[in-house]
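Q: Converting from the sequence shown to the numbering used here requires adding 216 to each position, the first position being numbered 1.
No wet-lab data here; the hints were simulated from the structure.
None of these values were measured; they are calculated from a predicted model.
Be a bit skeptical, because a hint or two may be false.
What follows is a list of derived Cβ distance ranges for each label pair [as the list claims (entries may be wrong)]:
(1) Y219 to P277: 16 to 24 Å
(2) I274 to Y238: 35 to 43 Å
(3) Y219 to P257: 14 to 22 Å
(4) H220 to L264: 20 to 28 Å
(5) S242 to T222: 16 to 24 Å
(6) T223 to T278: 18 to 26 Å
(7) P257 to Y234: 33 to 41 Å
(8) W260 to Y219: 15 to 23 Å
(9) T222 to G255: 14 to 22 Å
(10) D271 to S241: 36 to 44 Å
The C-beta atom is built at its ideal place from N, Cα and C for all residues, glycine as well.
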Amino acid sequence: KAYHATTKRTDEMLAQAYYSLYGISSIGLRFPTVYGPYGRPDMWAYRLIHNVLHDEPISIPTVAFFDNGKEEEEEEEDKAP
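Starting from the given sequences, assemble the full structure and let the hints guide the process.
A: Here's what the structure looks like:
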């Protein structure tokens, strides 16, 4: 967990620095253990590929932000054919 929190905070600090110095807005994407031989099959990328190959509905993860600053991950099911 410390690794996850550290990389998240580092990403936020770099984004703030670039915005302050150069006016560049950014979004940081971090993909730990998403793919490769050590990836976990319960991760979203594996589920996406499985669902596409088996013609099943695709779940799209979203993040909802609340007033207290915490975030909560939700999944929306794609209703498209």
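Q: Does each hint fit the structure? Answer for all of them.
A: We went through each hint and held it up to the structure:
| no. | hint | in the structure |
| --- | --- | --- |
| 1 | Y219 to P277: 16 to 24 Å | holds, 20 Å |
| 2 | I274 to Y238: 35 to 43 Å | holds, 36 Å |
| 3 | Y219 to P257: 14 to 22 Å | holds, 21 Å |
| 4 | H220 to L264: 20 to 28 Å | holds, 21 Å |
| 5 | S242 to T222: 16 to 24 Å | holds, 19 Å |
| 6 | T223 to T278: 18 to 26 Å | holds, 21 Å |
| 7 | P257 to Y234: 33 to 41 Å | holds, 35 Å |
| 8 | W260 to Y219: 15 to 23 Å | holds, 19 Å |
| 9 | T222 to G255: 14 to 22 Å | holds, 21 Å |
| 10 | D271 to S241: 36 to 44 Å | holds, 38 Å |
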